Amino acid sequence: MPPLPRAKIIAIFSAVGILVAACSTPNTALAAERYEIDASHTHVQFSVLRFGFADTIGTFTGVSGVISLDSHAPENSSVEVEIDVTSLISGDASRDEAVLSKFWFNAGEFATMSFKSISVELDGDNRARVTGDLTLLGVSKPVTLDVTLNKISMDPATKRQAAGFSITGTLNRLDWGMETAANFVGRDVTIRIEALAHKIEE
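Using the working numbering, you'd call the opening residue of the sequence shown number 1 and step up by one each time.
Calculated from the structure, these hints are not laboratory results.
Note that this is a predicted model, so its numbers are computed, not measured.
Pairs of lysine-lysine residues, derived as DSSO-like cross-links and limited to a Cα-Cα distance of at most 30 angstroms, are as follows:
| # | residue 1 | residue 2 |
| --- | --- | --- |
| 1 | Lys102 | Lys141 |
| 2 | Lys199 | Lys159 |
| 3 | Lys116 | Lys102 |
Based on the sequences and whatever the hints tell you, model everything.
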């Protein structure tokens with residue numbers, strides 16, 4: 001068999017080198033996995049002190065969104081969530097109606113609120129501080145949430161890969177223009193979220 005021309009040998013080694021480099025370089029686009037929030041197993045809860053006696057608690061059940069988890073560079077992960085304000089449940093129908101009125105959430109004009117992450121700061125193996133823009137009453141302001149990744153595994157009920165999170169945070173409602181009864185109802189609102197998301201097969 002005659003020897004290969006020098007130019008062809010160089011071309012072969014160049015191709016091999018490119019292939020090796022491509023295989024050894026992390027591809028964050030491929031590494032990121034997208035998870036869709038499961039509204040039936042996700043609860044967005046808020047609590048606020050009422051007249052100094054006890055916290056009033058409300059839960060939004062209408063939640064949708066996508067979480068992008070980057071296993072190679074977790075700080076590049078992201079989340080976008082939309083909440084149906086009218087899905088509020090507080091345990092009292094008359095209170096729900098009042099809270100959804102123009103004096104509070106003004107659901108007639110602003111039927112949704114949203115959160116879009118802008119940064120993820122790792123705080124341990126399974127914890128992070130996620131800062132993002134919360135849009136409420138037409139106002140967008142940054143808020144930081146403490147996020148714990150509880151588990152990533154196969155969900156035995158759905159037979160799909162799932163991720164579970166516990167999330168907490170605090171915000172001042174006046175920053176978003178919710179100023180009703182500021183002297184009687186707490187300004188600081190505590191947020192607690194339990195979220196389940198299933199991997200999107202792409």
